[in-house]
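Visitor: Next come the chains, spelled out residue by residue.
Protein chains: 2
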Amino acid sequence: MVPHLTTALSGPLLALERRFLEAETTIERWLRGQWLEHTPPFYASVDLRNAGFKLAPVDTNLFPGGFNNLNPAFLPLCVQAAQTAIEKICPEAKNLLLIPENHTRNQFYLMNVARLAAILRHTGLNVRIGSLLPEVTAPTTLDLPDGQTLTLEPLRRLGVGGRRLGLEDFDPCAVLLNNDLSAGVPDILKDLHEQFVIPPLHAGWHVRRKSRHFLAYKEVALAFAKEIGIDPWLIDPEFEVCGRINFQERSGEECLAAQVDELLERIHFRYRDNGIDAKPFVIVKADAGTYGMGIMTVRDASEVKTLNRRQRNKMAVGKEGLAVTEVMIQEGVPTCETVADSTAEPVVYMIDRHVVGGFYRVNTQRGTDENLNAPGMHFEPLAFETGCSLPDSAQAPDAPPNRFYAYGVVARLALLAAAIELERSEPAN
Amino acid sequence: MVPHLTTALSGPLLALERRFLEAETTIERWLRGQWLEHTPPFYASVDLRNAGFKLAPVDTNLFPGGFNNLNPAFLPLCVQAAQTAIEKICPEAKNLLLIPENHTRNQFYLMNVARLAAILRHTGLNVRIGSLLPEVTAPTTLDLPDGQTLTLEPLRRLGVGGRRLGLEDFDPCAVLLNNDLSAGVPDILKDLHEQFVIPPLHAGWHVRRKSRHFLAYKEVALAFAKEIGIDPWLIDPEFEVCGRINFQERSGEECLAAQVDELLERIHFRYRDNGIDAKPFVIVKADAGTYGMGIMTVRDASEVKTLNRRQRNKMAVGKEGLAVTEVMIQEGVPTCETVADSTAEPVVYMIDRHVVGGFYRVNTQRGTDENLNAPGMHFEPLAFETGCSLPDSAQAPDAPPNRFYAYGVVARLALLAAAIELERSEPAN
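Going line by line, the protein sequences match chains A and B. For what it's worth, my numbering labels the leading residue of the first sequence as 121, then goes sequentially. For what it's worth, my numbering labels the leading residue of the second sequence as 121, then goes sequentially.
Everything labelled a hint here was simulated from the structure, so no lab data went into it. Each hint should be verified, as a subset may be incorrect.
No distinction is drawn between identical chains; accordingly, a pair holds when it is met within one copy or between any pair of copies.
Taking lysine to any residue pairs in the SDA-like style, the calculated list, with each CA pair at most 25 Å apart, reads [to be verified]:
| id | residue 1 | residue 2 |
| --- | --- | --- |
| 1 | K310 | L321 |
| 2 | K208 | T159 |
| 3 | K310 | W155 |
| 4 | K208 | L335 |
| 5 | K346 | V247 |
| 6 | K208 | D518 |
| 7 | K346 | R370 |
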C-alpha cells in the first residue's frame with residue numbers, strides 16, 4: 121500500500137491552490153476549449169516543483185518512463201485514457217509496436233515498459249516490443265524483478281520496398297515510441313508513410329529544445345493566468361538560453377555567466393516584490409538534454425566561470441554521449457516538499473489530455489535546490505495516494521486531493537505547451 | 121470501506137468467463153469498431169444476472185439512478201469518462217441543467233442526483249438542478265443524509281419566444297435528463313431546438329420498449345458470439361411480447377399464457393441441450409415499465425390465467441400510475457450470486473462507452489428467481505471493489521477482476537444494443 125504523505129503535504133498553504141480550487145469549473149472549461157484547438161501528445165510526464173510560493177513545471181517528458189511507479193489503483197484511469205487516445209489516433213488499430221529505450225539492464229525502466237504494454241493490451245491491442253539494439257537479433261526474453269518477463273524482438277522493415285516497420289509475423293498499424301531519440305532518428309524508423317508513429321518523430325530530443333517548450337509554456341501560463349486572475353510568475357519559471365557553448369574548450373562562458381547574472385537578478389526582484397525570503401538560484405541544463413544529465417545548480421554567475429575539469433566533463437556530455445552546446449538557464453524553484461526528511465518533487469503522468477496518476481521522486485541525498493533526477497542517484501518513487509481530478513472544496517487547499525488537483529492543473533498546462541511546441545516544430549511536408 | 125464479496129464471487133466457474141479472458145484483445149477491438157459506427161448513450165446502467173451457466177442483461181436503464189452506490193474509488197473514472205462524453209457532445213458547454221425524477225423524499229435517489237452533479241462539475245460545467253415538480257416554484261434546498269444539500273429550482277423557458285430551457289439567471293448549453301419520462305414529455309421540454317438534450321427525448325420510457333431493446337441486443341449478442349466463438353444463448357435472454365393485454369379486464373390472457381408456455385418450453389430444451397438441471401421460469405414485465413414495477417415470476421402458463429385481484433392490480437399499473445397494456449415475457453435467468461445468504465445481482469454503470477463502476481443489488485427477502493429491484497423492498501447496494509477494465513489472466517476466471525471484467529463486457533453489449541435501439545427509434549425530422 122501507499123504510505124500516507126504527511127510530510128510531503130504539509131507545506132505552507134498556497135493562495136494559488138485556493139485559487140485553483142475556487143476556479144475549478146473555469147479551469148476545466150478553459151482546458152476543454154484549448155483541447156479543441158490543440159491535440160494533446162499521446163502521453164507525457166511533467167516534473168513539478170512546489171516552492172510553497174510558486175508551483176511550476178521544470179521538465180516535460182514526451183516519452184515517460186515511470187508508469188510502473190504509479191499507484192496500481194490508477195490503472196483503470198490509464199486504460200480508459202489510453203482507449204480514448206487510441207480511438208482518436210488510430211481507432212481501427214489491431215497491432216501496436218512499442219519501441220523502448222535501449223536499456224536492457226535497468227530493471228525499473230523495463231518494468232515501465234511492461235506496465236505500458238499491459239495498459240495498451242487492455243485497450244484491445246496486440247502489443248509487441250521491438251528493440252533498436254543491434255544485439256537483439258532474435259526474440260530475447262528478459263526476467264523482471266516482479267516475476268514478469270518482457271520479450272524484445274528485432275525490428276524489421278516489411279512489405280513492398282520495406283515501406284512498413286514491424287517484427288517477424290507482426291505488421292503493426294501503429295508504432296508507439298518510448299524512446300526519446302536523443303541520438304537522432306535511426307534509419308529503420310525513417311520514411312514510414314503507412315503507419316502512425318506516436319508521438320511523431322519530431323517529438324524526439326534530436327529536435328526538441330527545452331527552451332522552445334518553455335517559451336510555449338510561457339504563453340500558455342500567461343493566457344491561463346489571465347483567465348483565472350493570478351500572476352503568471354506563480355506558475356512559470358523564468359529562463360534564458362545560451363546557444364553556443366563548449367564546456368571542454370571553455371568557449372561561450374561569458375554569455376552563460378551574463379545570462380545567469382541577469383536571471384538571478386530578475387528572480388531577486390521577483391522575490392523582493394513577493395516578499396519571499398529565499399536565496400535565488402538557477403539551474404543550467406542542456407537545452408536538448410534528458411535523463412537528468414548535464415544539469416547544475418548555480419547560485420552566482422562566478423560559479424560557471426570557475427568550473428573544474430570534472431564539472432566541465434559532466435556538463436559537456438548528455439544522454440547517448442552527445443556533446444552539449446546549447447544550454448537553458450532556468451529559474452530554480454526550490455521544493456518545499458519533503459518525505460521523511462528527504463527532498464521530494466511531484467511527477468505527474470498524463471495520457472491524452474487526462475491526468476492518470478503521479479508519484480513523488482524522493483531523494484535522500486539531494487538538497488531542496490538540486491535536481492532530484494540525477495543519473496545513478498538513489499530515488500524512491502512514492503505513488504500519489506489519490507487522483508488529481510477530484511478536488512474537494514470542503515477540505516483545506518493543501519489537503520491531498522486539492523494539492524494533487526493543483527499539480528494536475530499545472531501539469532496539464534505543460535502538456536498544452538508541449539502540444540503547441542509540437543505543432544510549431546512539425547516539419548513541412 | 122467496501123466489504124470483500126467472498127460469497128457473491130464464489131459461483132461456479134464459467135467457461136464463458138474463461139473465454140472472455142482469453143479473448144480480451146479481440147473483444148476490446150471489436151467494441152472499439154462498434155463505437156465507430158454507433159454512438160453510445162451519455163450514460164446507462166445494466167442489471168445483469170449470472171446463473172453460473174449464463175450471464176445476461178435483464179434490464180438497461182438510460183437514466184441511471186444509483187451513482188451514489190458506486191465505490192468512491194471509481195469517481196475519477198466517472199469524471200474522466202464524463203469529460204470524454206461532454207467533449208464529444210457539446211465541447212463548448214459552460215452551463216448544464218440537470219433534470220431529475222420527481223422524487224423529493226427518496227433520499228437515496230437525491231444522493232444519486234448530488235453525486236451526478238458533482239461528477240459533472242468536476243468536468244468543468246456549472247451544474248444546476250431544474251425540477252419538473254409544479255410545487256417547486258422557488259429554489260428549494262433539500263438536506264441529504266450525508267450532510268450535503270441539494271437545491272431544486274423551477275424550470276423556465278428563456279429567450280425570444282421561449283425557445284430555450286433554463287432557470288432564473290441560468291441559460292444552459294445542455295440539458296441532462298435523469299428523468300425517464302414515463303409519463304411522456306412535459307410541455308416545458310418540448311421544442312427545444314437550440315440546446316442539446318442528453319439523452320435524446322426518445323430515450324424516455326414514453327417511447328422505449330424493452331422488447332425493442334432486447335431485439336437489438338439479440339443482434340449484438342449474435343455478432344459478438346460469432347466474433348469470439350461462443351453460443352449466443354449464453355449471454356442472451358430469450359423473450360416474447362404480448363402487445364394487447366388488459367389485466368383488469370382479463371383480456372389478452374390467452375395470448376400471454378400461450379407465449380409463456382412456448383417460452384418455457386424453449387428454455388426447457390435449452391437447459392436439456394446444455395445439461396442444466398434447473399426449473400425454467402419466465403419474467404413477465406411491462407414492456408415500457410421501469411422502477412421494478414409490474415413484474416412477476418411465472419413458472420407455469422396456468423399461473424397467468426389464475427391471477428387474483430391483488431396480482432392483477434399490481435401488474436396493471438406501472439410507474440406514474442400508467443396502465444400496462446404491452447408486456448414482455450423474458451427468459452428468467454436465476455442468479456447464482458449471494459452475499460451473506462442474501463440474493464444478489466450485479467448492476468454495471470457506464471458513462472459514454474466506458475464502464476465506470478458497479479454494485480451488487482442485495483435483497484434479503486427475495487429468491488434467486490425473483491426480481492430484486494422491487495419497489496419498497498429493502499435492498500442493500502454493495503459496491504464492486506475493483507474496476508471492470510483490468511482482467512488478470514494470471515488469476516482464476518472467477519477471481520474478482522475477471523468476473524467484473526465479464527460483467528463489464530456483457531453490460532457494454534447491452535449499451536451497444538441501446539445505441540442501436542436509439543438510432544432506430546429516432547423520430548424523423
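Visitor: Each hint: holds or not?
Guide: Taking the hints in turn, this is what the structure says about them:
For the homomeric pair K310 and L321, the shortest alpha-carbon distance inside one copy (9 Å) is at most 25 Å, but the shortest distance between copies (52 Å) is not. Taking the closest pair of Cα atoms, K208 and T159 come within 25 Å of each other both inside a single copy (10 Å) and across two copies (14 Å). Proximity of K310 and W155 under a CA criterion of 25 Å is satisfied in neither setting, with 29 Å inside one chain copy and 33 Å between copies. In the homo-oligomer, the alpha carbons of K208 and L335 never lie at most 25 Å apart, since the shortest distance is 28 Å inside one protomer and 31 Å across protomers.
Taking identical chains as interchangeable, the C-alpha atoms of K346 and V247 lie at most 25 Å apart only when they sit on different chains, with a minimum of 24 Å there against 43 Å within one chain. With identical chains, the CA atoms of K208 and D518 are never at most 25 Å apart, being 35 Å at best within one copy and 33 Å at best between copies. In this assembly of identical chains, K346 and R370 lie within 25 Å of each other by CA distance neither inside one copy nor across copies; the values are 42 Å within and 71 Å between.
The earlier numbered hints that this structure contradicts are 3, 4, 6 and 7.
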